[in-house]
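Chain residues, written in single-letter form:
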Amino acid sequence: MHGTSTPAPAAETTFHRSRRRRRFWARSARSAVPYGLIVPVVVVIALILGYPLYWLAKLSTQRYGLFELIQHHGSSVGFANYRSILHDSVFWHTLLRTVVFTAVNVTATMVLGLLIALLLVRVSTPVRLVLSSGLVLVWSMPVVVAVQVFYWMTNFQNGVVNYLLTQLHVGNFEQHDWYASTFSQLSLVTVLIVWGALPFVAITLFAGLAQVPRDLVEAAEVDGARPWGVFRDITVPILRPILLILTSLSIIWDFGVFTQPYLLIGQSKIHTGNYLMSVYLFEEGYFKADFGRGAAISILMLLIVAALSVVYVRRMVRIGVAQ
Amino acid sequence: MSRRSRRRLRQAGWNAVGLAVFVVMVFPVFWMISTAFKSNDQIVALKPVWFPLHPTLQHFTDAIHRPYFWRDVLNSMIVVGITVAISIVVAFLAAIALARYRFTLREVFVVLIIGIQMLPQAGLIIPLYVVLARYHQVNALSGLIVTYMTFVLPFCVWTLRGFLIGIPKDLEEAAMVDGSTRLGVFMKILLPLMGPGLVATSVFAFITTWNEYIFARVLLNDQSKQTITVWLSYFLGTSRNTDWGALMAASTLTAIPVVLFFIAVQRRIQFGLTAGAVRG
Amino acid sequence: MKRRVIVALGLVVVLAVASTAATSAATKRTAANSITVWLQTDAQSGWADVVAAANQQFQAANPGTSVNVQYQSWGDHLQKFDATLAGGGGPDVIEMGNTEMTKYMAAGAFAPLDKTQFDNSSNWLPGLAASGKYGGKTYGVPYYAGSRVVTYRKDLFKQAGITKLPATTAQYVADAKKLLAKNKQKGFSPVYLAGTDWYVAMGFVFDYGGSIATQVSHKWTGMLDSPKSIAGLTAWKNFFLAASRASKTTDETHPNPYDVYAQGQAASMVGPSWFIGSVGKKYTASTGQFVMPGHVKGQTMPGFLGGSDLAVPVTSSNKALAADWIKDFTDTQSEKALQAKGNIPNATSLLSNSVNERAAARSWFVPTAKHWVDVENGNILRNMLAQILTGKLSVKQAAQSASDNIASVLNQP
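Line order of the protein sequences matches chains Y, P and D. Our numbering applies: residue 61 is where the first sequence begins, and numbers increase by one. Our numbering applies: residue 21 is where the second sequence begins, and numbers increase by one. Our numbering applies: residue 1091 is where the third sequence begins, and numbers increase by one.
Calculated from the structure, these hints are not laboratory results. Be a bit skeptical, because a hint or two may be false.
To be verified - Only some residues are given here: those of chain P computed to face chain D with a beta carbon under 7 Å:
id: 1; residue: 66
id: 2; residue: 150
id: 3; residue: 153
id: 4; residue: 158
id: 5; residue: 238
id: 6; residue: 241
id: 7; residue: 242
id: 8; residue: 254
Claimed, not checked - Straight line, CA to CA, 25 Å or less: simulated BS3-like cross-link-like pairs of lysine-lysine:
id: 9; chain 1: D; residue 1: 1248; chain 2: D; residue 2: 1272
id: 10; chain 1: P; residue 1: 67; chain 2: D; residue 2: 1274
id: 11; chain 1: D; residue 1: 1309; chain 2: D; residue 2: 1486
id: 12; chain 1: D; residue 1: 1267; chain 2: D; residue 2: 1248
id: 13; chain 1: D; residue 1: 1460; chain 2: D; residue 2: 1205
id: 14; chain 1: P; residue 1: 67; chain 2: D; residue 2: 1371
id: 15; chain 1: D; residue 1: 1227; chain 2: D; residue 2: 1309
id: 16; chain 1: D; residue 1: 1276; chain 2: P; residue 2: 67
id: 17; chain 1: D; residue 1: 1272; chain 2: P; residue 2: 67
id: 18; chain 1: P; residue 1: 67; chain 2: D; residue 2: 1372
Claimed, not checked - Derived, one-sided and incomplete: chain P residues facing chain D with beta-carbon distance under 8 Å:
id: 19; residue: 61
id: 20; residue: 64
id: 21; residue: 146
id: 22; residue: 149
id: 23; residue: 159
id: 24; residue: 237
id: 25; residue: 243
id: 26; residue: 253
Note that this is a predicted model, so its numbers are computed, not measured. Glycine is no exception: its CB is placed at the ideal position from the N, C-alpha and C atoms.
Chain Y extracted, bound-state conformation (with noise of 0.2 Å):
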């Protein structure tokens, strides 16, 4: 739709200044164009959380507590906030603790979903459609639905998962008490978001999978290459923007969640020792109703993820911008 622009001719004086500028006109309004097109995007976005965000910067630099809540005016204290924060020992343990979590919880995500997608290719139509409908049905399952039956299913008094996991003689799981300890509390969550993470990841990955050129495959394995081979040099060149993108928007929002931990380890369990990052800020901001120091937090996570991120973000502005 651009740049069929045509050399400028040469003669006709006459005409020359006022072409001139019906073409400036011509051309600015084409190079308008873009930006009328990604207006109601930036209108919406910068309409609803353009305030917030400046709030959100400005309180982080006040004291602002329910008190000043109430009187819709806090204090400025600087720094303050931040210096409390990164002097604050919960928050530092908080951050490697986060950190390990969604380093597993990305990983766990993107092998099995993988895996899945891989399974997807192999397996017989019916087997395919089967599997596929199921993971759909996973997907279609409310977050607070999700944790209400994990832990139902994972209940001291008779949970399901306890009685199978005896009667398979995987071990005595009779009255297993699954929340007992941080790292147990902290494996249930990561089952449950890999477990909702899966659908998308896998059906995403399978239709990607797709794309792969039969004949490349064939041609490849008359050649005598190894199925790993025909997946490292093949498969994964083909998967790897996709792989980009599933593997930045993991990071974003495994490092960043909030309502299975929260709800599935529960409100009653929660203390410094298994905070996750959102759970700190939720802690911190709200229940202690220390809204700036709450403010500081966010801004401070939004830092972190993005440079945890970085690698994978600068690739998709480069994937993105270049065509």
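Starting from the known structure of chain Y, fit chains P and D onto it as the hints suggest.
Positioned in the frame of chain Y, the structure of chains P and D alone reads:
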């Protein structure tokens, strides 16, 4: 063993693995549905009841007869319908800009789109409430709709852009040479080709908005104006009795629209999710 | 295809217009004569008729007014309230848990009320009335209270040869051993008690003369590490280990004790008196209740007096009407109706002799400190209890660290 039977055996093996994965993945969903049909005694039984032999519909009737069920389902449909429709249209325009034009602020725009997704939503609850209250959009579905749009739009723009890149430009240029108008090109060529992409993106938007809970909870106060996930949370909000059977029945009911939507668009999505994402 | 798209777009426009029209109509309706009330869902599922009657009475006395009751849930109502304090659009009357009041009163979130306006205000339950007072002013009107009692299986007690209900904690432990001897299935609890149920655990602390924290000239001191408190915690630990097979790290709602009871996995359980209505069809007939005994014969275990207050937020534009509504909702007639639903009414003059009201006679309450709610939400007590039961720390160590922790939270500016 002949080559063919070995091949068949291997295929059977893959199928078995596929079914095993299916069983593990779907188990929680199965457990939810099966619990919904059990009597209260069976629900708390120490030895799990796998299939209720005398399924009861009691929990479903209980759930439906709780106040505001139909009202809140309708609210959810309105919110999701409008959010998805407007987001897709608006995001499509922006996606065209990204995929078909070069402009100075493009990089800034891309960073904005990705950056929005990095905002911790928990931190935005009160600021968002304050700004929406200023426009009198608190306790109103329209306020929730615009909130959802801000979070759905970035993803939609990004995926739709991917789909657009997959469509060769020559098609449009040829049509332009043939004397079609820009709008004509858009309606006749771009739109039909974009079908799968639009469907795939709207599925994502649909599920995200249908399942969203936190903002809906904070922004909507009237029970007659709440969405279905908030309605669900009332099963757990009381300090009294949690009615597991009714909760599971209600959860099953809320999943139905998503499944129906999926079935309706399922055939297109198989391509859908591909093209967009792969063409980076 | 094209036509379908156009139809779809048209539909969207119609829906959008309809929804904005509906909202603008709704905003207009919230005019001067309407009040918004936030009650917890307990009222919706338990006594919606009492609410309706109060509304009717209120509207009869104030013609042309309307009441919009919006039900909230305990988990997130404070967050929602915070948002409305910042942005407006909040309620005119709000139900608050009695342990949640102090923080908000201290921050100036509520309008002061004229106590004499309300029925029975000179006889309000002392514990509940204290939770609604700050700096000498009344901000919260007691709504109802609930106490904790023992719900038990008469048949199992009889089977185990227990002829008399326990009069001391020691007797109760002895009975628990008898019950255990008769019921050998795995996971059976003679007394089901969740490991981190701090309401029960603190009852032991108070029974032995201990306390959580005290304030001397504006400075809070943690008291859990005092010898008396430690004696109480030790007694509680021994009681739990002897009588309960519940998870040592779980709270009193995961699972619900009455679900365990309904499974036949408990001979008794400690909890709110309304548990009796949730034990399942099978055991309804064989279920009774008694007051939890203390360690000294003739004294009951001090129970946590949980309850709710009603308050008027400063952001309300109809404070007088709001107070009127509270008056109607807490008058003698309403309170009697609440009592009939198994709640403890808000005034001593209304008390009868039901088991939960007897249990309320000896009760304890949390420290009325501005930051107490942070101690609760930070799960400092629950964490301590889990540490004690799992043996991670000794009673003394755990109490010491919790006590320091509590002091530092309560002494925040």
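Against the structure, the hints:
{"no.": "1", "hint": "66", "result": "holds, 6 Å"}
{"no.": "2", "hint": "150", "result": "holds, 4 Å"}
{"no.": "3", "hint": "153", "result": "holds, 3 Å"}
{"no.": "4", "hint": "158", "result": "holds, 5 Å"}
{"no.": "5", "hint": "238", "result": "holds, 6 Å"}
{"no.": "6", "hint": "241", "result": "holds, 5 Å"}
{"no.": "7", "hint": "242", "result": "holds, 6 Å"}
{"no.": "8", "hint": "254", "result": "holds, 6 Å"}
{"no.": "9", "hint": "D:1248 x D:1272", "result": "holds, 11 Å"}
{"no.": "10", "hint": "P:67 x D:1274", "result": "holds, 17 Å"}
{"no.": "11", "hint": "D:1309 x D:1486", "result": "holds, 23 Å"}
{"no.": "12", "hint": "D:1267 x D:1248", "result": "holds, 14 Å"}
{"no.": "13", "hint": "D:1460 x D:1205", "result": "holds, 22 Å"}
{"no.": "14", "hint": "P:67 x D:1371", "result": "holds, 19 Å"}
{"no.": "15", "hint": "D:1227 x D:1309", "result": "holds, 21 Å"}
{"no.": "16", "hint": "D:1276 x P:67", "result": "holds, 13 Å"}
{"no.": "17", "hint": "D:1272 x P:67", "result": "holds, 21 Å"}
{"no.": "18", "hint": "P:67 x D:1372", "result": "holds, 17 Å"}
{"no.": "19", "hint": "61", "result": "holds, 7 Å"}
{"no.": "20", "hint": "64", "result": "holds, 5 Å"}
{"no.": "21", "hint": "146", "result": "holds, 5 Å"}
{"no.": "22", "hint": "149", "result": "holds, 4 Å"}
{"no.": "23", "hint": "159", "result": "holds, 6 Å"}
{"no.": "24", "hint": "237", "result": "holds, 6 Å"}
{"no.": "25", "hint": "243", "result": "holds, 6 Å"}
{"no.": "26", "hint": "253", "result": "holds, 6 Å"}
The structure meets every hint from the earlier list without exception.
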